[in-house]
Amino acid sequence: MTRFEQGHRGWRPAALLPALVLIVSACSGTAATQAPSEAASTAPSAAPSAEASAAAPSASTAGSTVDELIAASGVTSDTSFCGSKPMKLGISDGGGINGWSAASYAAVRSEAAKCSNVTQVATAASFSIEKQLADINSFVAQKFDAIVIIPDAGDTLAALQAAHTAGLVVVPWASDPGGKPGTDYNNYVDWDTTDAGKTWADWMVKALNGTGNVVFLGGFAGSAVGHQELDGINSVFGQNSGIKLLTGTTDFVPTNWDQATAQQAMTTLLNQYPQIDGVISNYDADAVGIIRAFQAANRPLVPLTTLDSNKLGCDFAGLKAANPKFEMVTISSRNWLGRIAARKAIAAVQGLPETEPDSYKLPIFEDSLGGLAPQCDSAQGPDVFLSNKISADDLAKWGKVTD
Amino acid sequence: MALGARVRSIRPAGPSAAVWVATAVLFVASLVLAPSTASVNAVLGILPFAALIALAGIGQTLVVQQRGLDLTVASMITIAAILATKIPNGHDALLPIAFGAVAGIAVISGLISGIAVTRFAITPVVATLGVGALLTGLALQVTGGAISIAAAPALDGFGFGKTFAIPNVVIVTMVMVAAVAVVVRRTVAGRWFVAVGASPAAAHAAGLPVNRIRIATYVVASLLYGLTGVLLAGFVGTPGISSGDGYLLATVAAVVLGGTSLAGGQGSVVATFGGAIFLTQLGAVVLGMGAPPSAQLVLQGVIIALGMGLRNVPWRLLRPAARGSPLITP
Numbered sequence: 001m002t003r004f005e006q007g008h009r010g011w012r013p014a015a016l017l018p019a020l021v022l023i024v025s026a027c028s029g030t031a032a033t034q035a036p037s038e039a040a041s042t043a044p045s046a047a048p049s050a051e052a053s054a055a056a057p058s059a060s061t062a063g064s065t066v067d068e069l070i071a072a073s074g075v076t077s078d079t080s081f082c083g084s085k086p087m088k089l090g091i092s093d094g095g096g097i098n099g100w101s102a103a104s105y106a107a108v109r110s111e112a113a114k115c116s117n118v119t120q121v122a123t124a125a126s127f128s129i130e131k132q133l134a135d136i137n138s139f140v141a142q143k144f145d146a147i148v149i150i151p152d153a154g155d156t157l158a159a160l161q162a163a164h165t166a167g168l169v170v171v172p173w174a175s176d177p178g179g180k181p182g183t184d185y186n187n188y189v190d191w192d193t194t195d196a197g198k199t200w201a202d203w204m205v206k207a208l209n210g211t212g213n214v215v216f217l218g219g220f221a222g223s224a225v226g227h228q229e230l231d232g233i234n235s236v237f238g239q240n241s242g243i244k245l246l247t248g249t250t251d252f253v254p255t256n257w258d259q260a261t262a263q264q265a266m267t268t269l270l271n272q273y274p275q276i277d278g279v280i281s282n283y284d285a286d287a288v289g290i291i292r293a294f295q296a297a298n299r300p301l302v303p304l305t306t307l308d309s310n311k312l313g314c315d316f317a318g319l320k321a322a323n324p325k326f327e328m329v330t331i332s333s334r335n336w337l338g339r340i341a342a343r344k345a346i347a348a349v350q351g352l353p354e355t356e357p358d359s360y361k362l363p364i365f366e367d368s369l370g371g372l373a374p375q376c377d378s379a380q381g382p383d384v385f386l387s388n389k390i391s392a393d394d395l396a397k398w399g400k401v402t403d
Numbered sequence: 404m405a406l407g408a409r410v411r412s413i414r415p416a417g418p419s420a421a422v423w424v425a426t427a428v429l430f431v432a433s434l435v436l437a438p439s440t441a442s443v444n445a446v447l448g449i450l451p452f453a454a455l456i457a458l459a460g461i462g463q464t465l466v467v468q469q470r471g472l473d474l475t476v477a478s479m480i481t482i483a484a485i486l487a488t489k490i491p492n493g494h495d496a497l498l499p500i501a502f503g504a505v506a507g508i509a510v511i512s513g514l515i516s517g518i519a520v521t522r523f524a525i526t527p528v529v530a531t532l533g534v535g536a537l538l539t540g541l542a543l544q545v546t547g548g549a550i551s552i553a554a555a556p557a558l559d560g561f562g563f564g565k566t567f568a569i570p571n572v573v574i575v576t577m578v579m580v581a582a583v584a585v586v587v588r589r590t591v592a593g594r595w596f597v598a599v600g601a602s603p604a605a606a607h608a609a610g611l612p613v614n615r616i617r618i619a620t621y622v623v624a625s626l627l628y629g630l631t632g633v634l635l636a637g638f639v640g641t642p643g644i645s646s647g648d649g650y651l652l653a654t655v656a657a658v659v660l661g662g663t664s665l666a667g668g669q670g671s672v673v674a675t676f677g678g679a680i681f682l683t684q685l686g687a688v689v690l691g692m693g694a695p696p697s698a699q700l701v702l703q704g705v706i707i708a709l710g711m712g713l714r715n716v717p718w719r720l721l722r723p724a725a726r727g728s729p730l731i732t733p
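Chains as they are written, first to last, in the numbering used here: chain A, 1 to 403; chain B, 404 to 733.
For reference, chain A alone in the conformation it holds in the complex (with noise of 0.2 Å):
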């Protein structure tokens, strides 16, 4: 007999601790996969909010209001902010493997593509956060002017504090790295996911007349972005005695920012509740997921919140003609906001000033109650998200790493 088989007919306590740790980190193993890029913030934003309406005219879109920036998501004719001076941007997202990385990239590189003294050299992480500290260690050994980042690929922190001591100017956005904007970066530019809560909380509270049950799936397990979400909603729910949150206030249930995971919980909600009336979704793909789980059920598609995605607006007619309860009101996928970090990045670079807001509180983009039909363009993929305003042939050229 063999060592090996003589022990594994013996009981060995030391050979059952990894497999015990292998199956607990299994059960945890869906939370430990990255989230998409779209909301993978894991710290509280520090970054101030701005009032929308109290925001002063920046100087890149001199002329018009926030209100107006955020109505053309983004879309300016402006050039001001280029400057003339030669310098390199670097521009690192930890994901870059899916349809929102491809609009984030294409925000940015488009808007940076305005300025002809400006090389860039876009990379993608594709979540791993050792490639992502070296892409962002790369910039600053090349001696990059620079960097716009989304920085979800793990905790990248410490190395945009080294870029910015190095003297490069830092901006991520659309993830919170934590630390402080002015001191471990220049800036960080997101969107208000509180006020995001509040919106969909709004909206549901008068898609059902203020009465009746709702659930709240919030992605990444523990996610910031989640609770910061959850507060917005429970802010508005709390006014409204006669909304009830399945999901309880402290709480969320999680996706992890994956259709089959969000399918998969949906379906253990209908479950276990006999009378659904609304589902309030912070991700169009998780959302996609609960739609297929009421159906996967025959149950009756209720009114539901999401971020803007070409899949549910073309779904959009379709479900509602079988399900005449079903309503939807979207927030934009927000990938726009990647021109203003490219924009304060290049202006502080060639020290223009560049006063846009950090924070914004987005809008509703689509609305089925409202007069903002769901949009549609079968011209186009299921994850492009048309509230970026930026066309299919800019998308296919900027949106995707420098070859």
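One or more of the hints may lead you astray.
[What the hints assert, rightly or not] So the derived list for chain A, only partly shown, Cβ under 8 Å to chain B, looks like this:
1. A260
2. T267
3. T268
4. G381
5. K389
[To be verified] In the DSS-like style, the derived pairs of lysine-lysine whose C-alpha atoms are separated by at most 30 Å in a straight line are:
6. A:K400 - A:K88
7. A:K206 - A:K85
8. B:K565 - A:K389
9. B:K489 - A:K320
10. A:K397 - B:K565
11. B:K489 - A:K400
12. A:K320 - A:K206
13. A:K325 - B:K489
14. B:K565 - A:K320
15. A:K131 - A:K400
16. A:K131 - A:K180
17. A:K325 - A:K206
18. B:K565 - A:K131
Simulated from the structure, these hints should not be mistaken for laboratory data. Here a beta-carbon is modelled for each residue, glycine too, at the ideal position from N, C-alpha and C.
Following the hints, complete the assembly by docking chain B onto the known chain A.
Chain B in isolation, oriented as in the chain A frame:
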């Protein structure tokens, strides 16, 4: 001695029976803790998710029986799901080409893993890690790093559909589990397969084509992951670049829960199916109990650890042969 004999006598079906006992206990507990999760509709709703884990888990079981561990599961499922949607691009007529491409890549992937493990004696974990990275790279290449595509109507209809109220995904998995179980247990090839897993040296001495059997195992496993990916594409409709990510740990957990020995040889694909059902139902129950997400993960981990521990600990402690030093080498 008498106690040891009695303990052995009440577990005649071997380690793979334990998972069904655990699953039965779990369902009884479900009735008490979260009754909504134990209804027929609830179970039918959850079964497709378990079936997809089980289908890939068959492949993992076979590889584990050959003393390996296959890390290509996640990337093979992802590339299969992506090819199954990208090649047809919404056209049913192109589905056969897509299936052919998936099968082709699965065979190549399995051959590379198998040959690396057998001919070049590379550790299975290292070999399949490398092949998995290649597949991930291929998936990124195919998608251009972006933009997922909706499954063609026929694939969507089948993957999401039901036959006599039973989800098609579940039916396919049950057929595959039964087929593999019969081949392994009732055919000559199956006996060779078990013999090679139990002791490659002895099998070689007996004149069995050890390397060919081990290579074939990786190929069959790869094909099963490919099938899982194709069905997953139909089931979720718009698979993304991370579709397969959850399947590596889930399949290994299902295999281990099913009692298949990581040391090779004995194993049961039927028990792996049981392990997948246990894992999935457990997730539903803790969610259904309304526990906060943080507590859910801890609770799941503890229950699975207990399930495994109860299966392993008492029997072996009580078995007289295990007394003394278990690590003595003859």
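Hint check:
no., hint, in the structure
1, A260, "holds (5 Å)"
2, T267, "holds (4 Å)"
3, T268, "holds (5 Å)"
4, G381, "holds (4 Å)"
5, K389, "violated (18 Å)"
6, A:K400 - A:K88, "holds (18 Å)"
7, A:K206 - A:K85, "violated (52 Å)"
8, B:K565 - A:K389, "violated (40 Å)"
9, B:K489 - A:K320, "holds (28 Å)"
10, A:K397 - B:K565, "violated (42 Å)"
11, B:K489 - A:K400, "holds (18 Å)"
12, A:K320 - A:K206, "holds (18 Å)"
13, A:K325 - B:K489, "violated (33 Å)"
14, B:K565 - A:K320, "holds (23 Å)"
15, A:K131 - A:K400, "holds (17 Å)"
16, A:K131 - A:K180, "holds (23 Å)"
17, A:K325 - A:K206, "holds (13 Å)"
18, B:K565 - A:K131, "violated (43 Å)"
Violated hints for the displayed structure, listed by number in ascending order: 5, 7, 8, 10, 13, 18.
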